[in-house]
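Which chain is which? The protein sequence lines are W and U, in order.
For the first sequence, position 9 matches number 9 in this note's numbering, and the numbering has no gaps at all.
For the second sequence, position 283 matches number 283 in this note's numbering, and the numbering has no gaps at all.
Hints in this document: simulated from the structure, not taken from any laboratory.
A couple of the hints might just be wrong.
Unchecked claim - Computed spacing ranges between beta-carbons, pair by pair: (1) W/R85 with U/F135: 55 to 63 Å; (2) W/R81 with U/L206: 33 to 41 Å; (3) W/Q114 with U/F135: 37 to 45 Å; (4) U/L206 with W/P262: 47 to 55 Å; (5) U/S172 with W/A150: 25 to 33 Å; (6) U/P232 with W/R85: 52 to 60 Å.
Note that the structure is a prediction, hence the values are computed from the model and not measured.
We put the beta carbon where it would ideally sit given N, CA and C, even for glycine.
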Amino acid sequence: MSTASTPLVVADSLRRTFQPARGADPVVAVDDVSFTISAGESLGLVGESGSGKSTIARILAGLERADAGSLTVDGRDRLVRGRGRRARLHRARQVQMVFQDPYGSLDRRLTVEQTLVHAMRLHGLAARADAGARVAELLDRVRLASAQGALKPHQLSGGQRQRVAIARAIAVSPSVLVLDEAVSALDVSVQAQILELLGEIRRDSGIALLFVSHDLAVVDEVTDRTLVLFHGRVVEHGATREVLRAPRHAYTQLLVSSVAGPGWDPHEVIERRAAFERQSDAPLR
Amino acid sequence: MTTTTADALLTRTGLTGRRRDPLFWISTGFLAVVVLVAAFAPLIAPYDPEAIDFAAIWAPPSLAHPFGTDQLGRDLLSRLLLGTRESLIGPFLLLVGATVLGVAIGIVAAWNGGWIDVLLARITDVMFAFPGLLFVVLVIAVFGEGPATAVVALALAYAPVIAKFTRSIALSELARPYVDAYRVQGVGGGVIAARYVVPNMAPALLGYLVVLFGEGLMGLATLSYLGFGAQPPSSEWGLMVQEGQDGIVLGHFGPTLVPGLAISAVVVAVNIVGVRLSERMGARA
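Kindly generate the complete structure, drawing on both the sequences and the hints.
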């Protein structure tokens with residue numbers, strides 16, 4: 001277990017470039033990004049599309065490699081990856097992920113129950129005898145009726161699907177949960193329910209969250225600290241309250257002032273973006 | 001109330017469209033009968049298909065010989081019924097072989113990209129540019145004629161076609177986040193591909209493979225007709241057509257017409273079923 005002095009997740013100088021096409025210039029998606037997440041803490045990653053936030057989430061979840069830098073979870077290196085089954089399963093029990101598309105992230109052939117049992121069996125967490133009880137417990141934790149266990153993804157609503165995805169992720173009791181735009185595809189009222197559920201899970205299990213979103217209001221709701229990313233670089237980092245209420249960096253100010261609300265003027269936002277682009281000499285995507 | 005329940009039930013079982021599609025059901029029924037005939041051919045056939053009767057050469061249809069006899073006085077009905085076996089098993093085996101090979105190559109190409117993908121693209125380019133029959137005849141020239149070689153040769157010719165088709169579906173299937181979700185859970189790449197991605201692709205592949213079965217049947221019949229496939233005294237339909245054609249100039253059309261019509265009927269039915277299946281599966285995905 002991590003102690004108070006060493007955070008659970010330590011990312012140092014992560015870098016990742018992509019080659020869009022053969023012979024094309026590589027695109028730097030993540031550039032010298034460092035952060036830590038303590039046990040039970042929730043870290044927000046904000047930025048616009050292409051800012052590199054999803055790439056960081058995927059690196060932490062093990063779906064993407066990093067070209068440089070280091071990343072440890074609970075003291076274990078996640079970038080130097082053992083290829084064996086044991087190493088793979090161990091990595092999976094450290095970090096789980098919830099995706100943006102609740103329908104696409106579930107195997108449409110499997111019922112809710114089969115999905116959850118599969119996740120637990122894989123990690124030897126449910127014997128045949130008590131699998132049913134474990135599934136019922138998980139469904140209860142994500143506030144789904146036990147009868148919904150027999151349904152397939154296409155028979156569920158978006159919010160219910162995302163609850164299943166969350167149940168699947170916490171089924172293996174990970175220490176870190178990565179949420180990549182996990183509520184972005186949901187209606188506002190459903191968003192609120194899912195956010196509340198995430199808060200509960202965090203309180204109950206002490207799980208650490210990496211919460212990726214372009215929606216500042218949502219990030220404000222669920223995170224303690226926030227990193228603001230711009231073109232793969234961290235431009236601002238601090239307590240979420242301060243970052244969002246008193247942004248220091250020009251890009252954060254732009255993000256915060258671009259949020260639609262009462263008295264919001266789209267022309268003004270466009271103007272400000274243009275001014276920022278001139279200033280920073282870097283086009284926004 | 002009753003109607004809505006019935007409608008819901010029909011929609012759920014996916015039968016609505018097919019119920020109103022008599023052509024699909026007639027074709028399916030016909031193919032089912034053909035398969036049953038193949039299974040029980042020796043019991044149904046009135047004569048030994050290889051029994052030669054010089055007293056009844058080129059006999060016209062009669063009560064004793066409903067379809068008449070061929071140039072050796074063999075009963076055409078019995079030969080047709082028994083021939084169902086070799087005529088159906090050949091394309092079935094060739095399809096199984098080509099599918100296993102093609103799906104494996106296609107999914108590996110889609111998953112890995114890189115040189116495997118390039119190699120597949122080149123091979124399929126060559127196969128498309130090169131006359132299929134010529135390739136098959138080349139294989140037979142090297143390995144010798146006979147039904148087994150014909151099946152293997154055609155399977156090798158079809159595998160790249162199936163691989164290319166599989167690759168295109170696999171690319172979109174692999175992009176679905178459930179694949180990433182399995183990876184995050186710690187499932188290995190091969191297992192994800194074989195156990196989860198392939199079954200999810202199966203509906204899209206099915207109709208295509210059914211149509212290919214028809215092509216395979218034609219292909220094998222053609223090879224037998226040319227003397228490269230089934231060998232006498234087999235009553236494979238393509239061979240029957242070839243053996244019967246001597247009678248045409250003498251006005252005996254039956255020995256060619258009967259197996260020829262059987263081939264056409266099965267291929268037409270298979271095509272109808274395959275195309276309708278593709279349409280339905282496409283509508284569902």
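Outcome of the hint check:
1. W/R85 with U/F135: 55 to 63 Å: This hint is violated: roughly 41 Å between Cβ atoms.
2. W/R81 with U/L206: 33 to 41 Å: holds, 37 Å
3. W/Q114 with U/F135: 37 to 45 Å: Given a distance of about 44 Å, which is inside 37 to 45 Å, the answer is holds.
4. U/L206 with W/P262: 47 to 55 Å: With Cβ atoms ~54 Å apart, the hint holds.
5. U/S172 with W/A150: 25 to 33 Å: Cβ of U/S172 to Cβ of W/A150: about 29 Å, so the range 25 to 33 Å holds.
6. U/P232 with W/R85: 52 to 60 Å: 55 Å Cβ-Cβ, so the 52 to 60 Å window holds.
The structure fails to meet hint 1 from the earlier list, while all remaining hints are met.
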